[in-house]
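A.B. asks: Sequence:
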Amino acid sequence: MSWLLAFALSRREYEGLTRVLRPVGVKEPIPRKAFEQYLARPHPPLSRAKRPSQHAPQDKLVAFLHPWTCSHPQCLPSATQRGLRAFLLAYLVISVGEGVLGILFRRTGPRTAIKNALSSSSAYTFAMFLSSYTFICRMVQRGLDLNHVAPFTSAFIAGLVAGPTILLDHSSPSRRLTISLYLLTKAMQFLFADLQSTGKLPKLPNWFGRWLLFPLSSAQLIWCFLNDHESFPDTYFNFIVSRSQDYIPKSPRGIQRAGKPWPNSRSIVDAIHHLAKAGYPSLSELKQSELAGSHAIDQVKPVFDYANPNHTRAMCALLHPDTPNCWSPFFHMLQVELPRTFKFFSVFTLIGLLFNRRKLVRQPVETLSKALLSTSKSTAFAVLAIATAWRFVCLWQDFMPGNVLSRDRIALNGFISGFWILLESRGRQMDLGMYSIRLTIESVWQGLLRRGYVKSIRHGEAIYFSLSMAFVIAIYRTNRRAINTGYIASLLDILM
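Residue numbers (UniProt numbering): 1 to 496.
In short, the hints are calculated from the structure, not lab data. You may find that some hints are simply not true.
[Stated by the list, open to error] Listed below are the simulated BS3-like cross-link pairs for lysine-lysine, each with C-alpha atoms no more than 25 Å apart in a straight line:
no., residue 1, residue 2
1, 343, 359
2, 287, 301
3, 343, 301
4, 370, 359
5, 186, 343
6, 287, 277
7, 301, 277
8, 343, 377
9, 186, 200
10, 250, 301
11, 377, 359
12, 186, 203
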């Protein structure tokens with residue numbers, strides 16, 4: 001099997017290996033000349049290309065690859081080396097990431113966490129996917145280039161053909177879905193930038209900027225959170241709930257609860273939906289309505305029993321039972337969540353500084369100042385956006401009758417609270433907007449799926465992953481400036 005080295009070593013590297021092995025008596029490990037002569041045969045156009053003879057056993061693999069391989073002896077080893085590099089990079093990143101997360105969140109010992117990460121199949125399957133994609137994409141693209149296919153077309157076909165390799169990452173279907181959705185939105189972003197830079201799309205007015213992406217998608221997400229939480233992405237649901245303890249109250253300490261236990265967060269969110277659908281009734285109206293005996297309201301009865309007797313609105317009694325003042329939980333939330341969320345974002349800032357350590361060493365004060373400012377902006381944006389969305393649930397009751405936009409006014413909460421995105425830098429506005437659009441796509445799809453309007457397609461994520469990567473690779477090759485996300489451009493430089 002030593003002939004397999006021909007896939008990984010160029011001519012110069014092969015000669016170096018031969019010189020190293022010759023003093024210890026190792027003969028030439030590969031029939032190199034015959035292999036290179038086959039690969040170096042002139043390539044006719046694709047329509048006239050003929051496969052070499054398959055009678056000789058040593059020629060079968062080369063005959064299969066011809067004419068899809070490059071005629072230069074260095075190209076096949078180069079593609080193999082890129083694939084191996086992608087495998088090692090992906091394996092190390094996933095293993096280290098899982099090890100660090102295991103130490104931070106699972107409270108396991110460093111040795112145990114690292115051992116579990118290195119032995120898990122998650123890192124291996126992801127590395128297999130990325131290395132296979134890199135190798136196939138490079139080889140197909142090079143084969144099409146030899147047949148004088150247009151650069152955009154050859155890159156698009158190569159990305160499309162290599163796309164199904166994402167199914168090799170079979171150990172984590174949720175990761176496949178996340179990657180596919182992420183690249184779908186990024187492909188849309190890069191395609192829009194490419195069309196604008198080439199003049200195929202007119203420039204948009206100044207008021208219609210990237211900052212509008214987040215308010216628009218936030219309107220749908222907040223509506224879905226309170227009206228259809230079963231279709232809402234679990235990770236984002238948990239993030240909002242964990243920072244909304246003033247509006248989704250936990251069980252008070254020392255309270256005697258004879259009978260039913262204190263409701264969980266999903267029960268409270270479900271009750272909010274039913275109260276909004278009923279037109280925001282007062283407590284007295286709630287007791288006399290049919291809703292009082294429903295399962296949703298029965299689940300949150302301990303909250304109403306505990307609520308301050310000065311409450312008159314059922315919605316306010318559910319959201320902040322301790323006090324009838326609707327502004328108190330808003331300001332208390334800012335007081336508690338700002339420092340807590342700052343610590344949360346600081347972890348990601350520190351990780352970013354590790355990757356940017358050279359600049360940190362050269363310009364420590366400036367780099368740390370920018371990092372501190374960025375973390376503060378992200379903290380203020382996240383907390384104020386969530387707090388504002390909750391505050392408007394109570395505030396609309398002062399200005400609107402209960403039967404006016406009873407459920408849809410919640411979308412206005414998300415839209416208005418989304419304007420806090422203006423606190424962020426322009427680059428972050430785009431990143432956060434695209435992130436929220438991914439969540440919007442996921443929640444809309446889950447809602448349609450749950451209602452039976454669409455049917456699930458097995459491994460359907462491979463379809464839009466392939467299309468997304470086809471556009472990304474094609475744009476990267478023909479108009480690299482349109483790849484306006486720095487880390488994606490750098491990653492493509494390494495892999496492609």
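A.B. asks: Give a verdict on every hint.
C.D. replies: Structure-based check of each hint:
| no. | hint | result |
| --- | --- | --- |
| 1 | 343 to 359 | holds, 23 Å |
| 2 | 287 to 301 | holds, 11 Å |
| 3 | 343 to 301 | violated, 35 Å |
| 4 | 370 to 359 | holds, 12 Å |
| 5 | 186 to 343 | violated, 29 Å |
| 6 | 287 to 277 | holds, 16 Å |
| 7 | 301 to 277 | holds, 18 Å |
| 8 | 343 to 377 | holds, 13 Å |
| 9 | 186 to 200 | holds, 19 Å |
| 10 | 250 to 301 | holds, 14 Å |
| 11 | 377 to 359 | holds, 21 Å |
| 12 | 186 to 203 | holds, 19 Å |
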